[in-house]
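Peer 1: Based on the sequences and whatever the hints tell you, model everything.
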Amino acid sequence: MRRMSGRTRDPLLSALISALDAQRVQTGDGARRLYSRDASVIRGGRVGVVCFPETTEEVSACVVAALAHGRDFVARGAGTGLAGGAVPCDEPVMVVLTRMDRILEVDVSRRLAWVEPGVVNLDLSRHLSGTGLHFAPDPSSQQSCTIGGNVANNSGGPHCLLYGVTSAHVLAVEVVLPDGEVVVLGEEEGDSVGYDLRGAFVGGEGTLGIATRICVRLTEDPPDVATLLLDFMSVGAAAETVSAIIAAGMIPAALEMMDQRVVEAVEPFVNAGYPTDAAAVLIVELDGQPSGVADEIRQIKELARVHGARSVRVAAEEGERERIWKGRKSAFGAIAVIKPDYYLNDTVIPRTKLAEVVQRIYEIVEEQDLIVMNVFHAGDGNLHPLLLFDAREAGVMERVLAAGEEIVRVSVAAGGVLSGEHGIGLEKKRFMSLQFSPADLEAQQRLRSAFDPVGRANPAKVLPTGASCGHVTSLGRLPDGAWV
Amino acid sequence: MNVPGPLGLSGDSLAACVQCGLCLPHCPTYRVTGDESRSPRGRISLMAAAELDGAPMDDEWLEAMSTCVQCLGCETACPSGVPFEELITTTREVMSSDRPAPLRLRLGLRLLGRPRLLHWGVRTLAVLQRLGLVPRSGLFPARLPLGGGQRRSTPGGDVLLFTGCVMDACQPEIHDAVVDVLVAGGRSVERTGEAVGCCGALHGHAGLRGEAMRRAEAVMAALPGDRPILVDSAGCGAALKRYGGLLGTPAAVAFAERVFDVHEWLAANAELLPEPSGLVGQPIVVQDPCHLRHAQGVHGAVREVVGPYATLVELDDEGLCCGAGGAFQMLEPELAGGVRERKLASIGRAFERSGARTVISANPGCAMYLAAAGVEVRHPMEIVAEALEDRHGR
Ligand SMILES: Cc1cc2nc3c(=O)[nH]c(=O)nc-3n(C[C@H](O)[C@H](O)[C@H](O)COP(=O)(O)OP(=O)(O)OC[C@H]3O[C@@H](n4cnc5c(N)ncnc54)[C@H](O)[C@@H]3O)c2cc1C
Ligand code: SF4
Ligand code: SF4
Numbered sequence: 001m002r003r004m005s006g007r008t009r010d011p012l013l014s015a016l017i018s019a020l021d022a023q024r025v026q027t028g029d030g031a032r033r034l035y036s037r038d039a040s041v042i043r044g045g046r047v048g049v050v051c052f053p054e055t056t057e058e059v060s061a062c063v064v065a066a067l068a069h070g071r072d073f074v075a076r077g078a079g080t081g082l083a084g085g086a087v088p089c090d091e092p093v094m095v096v097l098t099r100m101d102r103i104l105e106v107d108v109s110r111r112l113a114w115v116e117p118g119v120v121n122l123d124l125s126r127h128l129s130g131t132g133l134h135f136a137p138d139p140s141s142q143q144s145c146t147i148g149g150n151v152a153n154n155s156g157g158p159h160c161l162l163y164g165v166t167s168a169h170v171l172a173v174e175v176v177l178p179d180g181e182v183v184v185l186g187e188e189e190g191d192s193v194g195y196d197l198r199g200a201f202v203g204g205e206g207t208l209g210i211a212t213r214i215c216v217r218l219t220e221d222p223p224d225v226a227t228l229l230l231d232f233m234s235v236g237a238a239a240e241t242v243s244a245i246i247a248a249g250m251i252p253a254a255l256e257m258m259d260q261r262v263v264e265a266v267e268p269f270v271n272a273g274y275p276t277d278a279a280a281v282l283i284v285e286l287d288g289q290p291s292g293v294a295d296e297i298r299q300i301k302e303l304a305r306v307h308g309a310r311s312v313r314v315a316a317e318e319g320e321r322e323r324i325w326k327g328r329k330s331a332f333g334a335i336a337v338i339k340p341d342y343y344l345n346d347t348v349i350p351r352t353k354l355a356e357v358v359q360r361i362y363e364i365v366e367e368q369d370l371i372v373m374n375v376f377h378a379g380d381g382n383l384h385p386l387l388l389f390d391a392r393e394a395g396v397m398e399r400v401l402a403a404g405e406e407i408v409r410v411s412v413a414a415g416g417v418l419s420g421e422h423g424i425g426l427e428k429k430r431f432m433s434l435q436f437s438p439a440d441l442e443a444q445q446r447l448r449s450a451f452d453p454v455g456r457a458n459p460a461k462v463l464p465t466g467a468s469c470g471h472v473t474s475l476g477r478l479p480d481g482a483w484v
Numbered sequence: 485m486n487v488p489g490p491l492g493l494s495g496d497s498l499a500a501c502v503q504c505g506l507c508l509p510h511c512p513t514y515r516v517t518g519d520e521s522r523s524p525r526g527r528i529s530l531m532a533a534a535e536l537d538g539a540p541m542d543d544e545w546l547e548a549m550s551t552c553v554q555c556l557g558c559e560t561a562c563p564s565g566v567p568f569e570e571l572i573t574t575t576r577e578v579m580s581s582d583r584p585a586p587l588r589l590r591l592g593l594r595l596l597g598r599p600r601l602l603h604w605g606v607r608t609l610a611v612l613q614r615l616g617l618v619p620r621s622g623l624f625p626a627r628l629p630l631g632g633g634q635r636r637s638t639p640g641g642d643v644l645l646f647t648g649c650v651m652d653a654c655q656p657e658i659h660d661a662v663v664d665v666l667v668a669g670g671r672s673v674e675r676t677g678e679a680v681g682c683c684g685a686l687h688g689h690a691g692l693r694g695e696a697m698r699r700a701e702a703v704m705a706a707l708p709g710d711r712p713i714l715v716d717s718a719g720c721g722a723a724l725k726r727y728g729g730l731l732g733t734p735a736a737v738a739f740a741e742r743v744f745d746v747h748e749w750l751a752a753n754a755e756l757l758p759e760p761s762g763l764v765g766q767p768i769v770v771q772d773p774c775h776l777r778h779a780q781g782v783h784g785a786v787r788e789v790v791g792p793y794a795t796l797v798e799l800d801d802e803g804l805c806c807g808a809g810g811a812f813q814m815l816e817p818e819l820a821g822g823v824r825e826r827k828l829a830s831i832g833r834a835f836e837r838s839g840a841r842t843v844i845s846a847n848p849g850c851a852m853y854l855a856a857a858g859v860e861v862r863h864p865m866e867i868v869a870e871a872l873e874d875r876h877g878r
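Chains as they are written, first to last, in my numbering: chain A, 1 to 484; chain B, 485 to 878.
Quick caveat, the hints were computed from the structure, so don't treat them as lab data. None of these values were measured; they are calculated from a predicted model. All C-beta atoms in this analysis are idealised placements derived from N, C-alpha and C, irrespective of residue type, glycine included. It is possible that some hints are incorrect.
Computed footprint of chain A on chain B; a stretch qualifies when at least three of its residues, placed anywhere within it, have a C-beta under 8 Å from a C-beta of chain A [as the list claims (entries may be wrong)]:
#1 520-527
#2 543-554
Between beta-carbon pairs, the in silico distance windows are [to be verified]:
#3 GLU836/B x ASP107/A: 12 to 22 Å
#4 ASP224/A x ARG636/B: 53 to 63 Å
#5 ALA316/A x GLU788/B: 13 to 23 Å
#6 LEU828/B x ALA68/A: 33 to 43 Å
Peer 2: This is how it looks when you write it as structure tokens:
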């Protein structure tokens, strides 16, 4: 790690260096550049200072130093966020939590674990292998993203259809509040007395404070798991099958759809044997007691047949299951084989409207002369249309933005919501008023002010009030500071 | 399409990175530091900054590049097909033409091209080691050989065994094990020996393209014909297989096609391996060298070849680098040490799970670096050779 000169005249830097050490406080051009972006195409401003605290006390010291010197602060995990939540605006202190990556305690009998916020999601489940327990939220980025980031975004994943999103798996959180004070919200067991502040904090996107220790609920591994791959000649038929499965009273552990472009992009990378000539495939995962699973496999095969599936493949062994899932989880990354840039939407619509809205998305994209890949959590109607483009093409950003807006409008008009799981961040805050009335937004602002009266914690995010910064633009290919 | 920047990188290769971050956990230096500038995504982004935005290639920038182990874990992990090897190799070449490599490294690399001198040096070191005058590091095995070993070679044999430089001098017993197994399978083996010498892998790693090309030409000239060239060091194998790309001539492409990792070749010629007479001894943990898993993609062959003779145990870190990285351990000892700590922890967990006490590694660099931390490491072919010996009741 690069060393900052130990002596500096900047009082903020001196304060940070004396709280941490010179190596863990960075202000180089490179560091400021790298920490000014996440996995989204949102470009905001520049980071002021990048800090790598290793303890709760150090996090608190970073927050206090930022406040004392009139700076904002932004928490950051692995930077895999897709809504620009960790993108800085006004030279804030960036508090990077990746070095706080210890699993502090696993209590198998009470099915809970205390972890630091920088623990990588998949590392926790790996660590638990052999205990018969796992951490259920499994965003497709789970190999990289941090549990702190999951908590902040209340992230979901394929298996959250049955098990619920992150907030159902967080029992308590130790938080450095925006004034530097350390509190624990929630309880290891039982409901906390009074308001559920833990519930308020989860999904706060770093605007309510910084999580420094998290007590997560662990879920029992299912006794039996089956993964099915259904293949269809039309997206509509696949969508109808999804509705039929839910209507039949089944809640699969996961129910995912990928269209032909996605399948074509990931198959060469994972060799899972996906049918690249299918218009759409569904991945259905069933778990539970072996007899129940076998029964559900039969029912799904029958529903698939009725709705015109070309074939149903049941993964024969663990390796085959893993390859099928790897394909699904690589989808966002694999798009560069088609175009170098993507803009990902994340809206939720009623399941019954799936076929109709997806069809409408293809039309919108066609009208803007763009390419779309559809890969999404079909079971809970959470769409992820990926608009593909090459930012080096003149005028393409306007078309991307126009298509993106139209998709959000169509989703909300169909009775859906703005964001399924990626958060609002910088990206979606301009759409908040589509979904919320002024009174709703005012109430949310009051909650935020109760946590952060001076407005230093990741400001300019989530709520459409206050200063604005950040625009959807291409990463990397525009000079810094150029806002499109 | 090459962009007219200071590094001469391909614009399409840079654009292939969509910044998703799926490579982060597969990067050993990011794992240890948690720092984007020590990650594939960060390094690519910094390359693009210098190339496209005219960002300064200052000390901070250079350090981000020079701390890359070049393990290629990121290339395997990237769903977007970013050609990281191409990007970092080109970047390193530009760096080494601007700033000479450290003197120690240059002297060491020169020695590799002079097998006689190397052998002499190793024997001297071996004596010093026995006198207790050499501290244990990862650079040499704990007990270097004093003399010649068995050195069985059949000139004009069916296959060539590429004996390399360091390994021939330091660990001749591994070559012996390979010869034993191949001979038991009815093949005669010619060792390439001192006349051929070093493959140039470490030179290429250090960005010394000119020297790597000269070594490649010398190796090719010394090994004409069409016999298969088997390699038991993953690092050398990866370098030899890349001669086509390095020299860009049809002869080099044809040469590279003759090169096989010894496990890869045996897995394809499994009938040469004798029927196993049951599993031997304790379970064994498999460590995949990056140059086998990420650079050659033939780590499965080790399992196919050794599997019938021993119970194999997998590590839980998806082929994360061990930190040795050729000369990396010498140039970045602190970072390399941190990376090794993670590998040791993973090995520890595998030992605990399975009761294994031994690790196999198909690359001498990894083997020595892990052995220097007190792990018992063998070459996979030694395990097979011993299984054969046992059945012959020797
Ligand atoms: C390929 C890919 C696939 C994805 N798939 C999914 C998916 O299936 N489901 C899904 O929900 N998301 C998905 N995402 C989005 C993203 O991975 C998640 O939002 C993830 O939870 C972010 O974690 P992170 O550690 O990267 O956080 P970051 O991106 O670093 O930060 C995200 C937000 O959390 C805040 N934050 C981070 N750490 C803390 C902390 N300790 N305390 C307070 N605030 C904090 C930041 O300020 C920011 O607002 C995907 C992303 C990618 C690139
Ligand atoms: S190198 Fe590949 S995996 Fe890593 S961020 Fe870029 S596209 Fe994603
Ligand atoms: S080659 Fe290895 S060390 Fe270098 S960026 Fe890739 S994963 Fe990291």
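Peer 1: So, for every hint listed, does it hold in this structure?
Peer 2: Hint-by-hint comparison with the structure:
1. 520-527: This one holds; 4 residues, not fewer than the three required, reach chain A with a Cβ under 8 Å.
2. 543-554: Since three or more residues must qualify, the claim that chain A covers the region 543-554 of chain B holds, with 5 doing so at under 8 Å.
3. GLU836/B x ASP107/A: 12 to 22 Å: holds, 20 Å
4. ASP224/A x ARG636/B: 53 to 63 Å: holds, 54 Å
5. ALA316/A x GLU788/B: 13 to 23 Å: Holds, since ALA316/A and GLU788/B (Cβ atoms, about 21 Å apart) stay within the stated range.
6. LEU828/B x ALA68/A: 33 to 43 Å: holds, 42 Å
Comparing the model with each numbered hint stated earlier shows that all of them hold.
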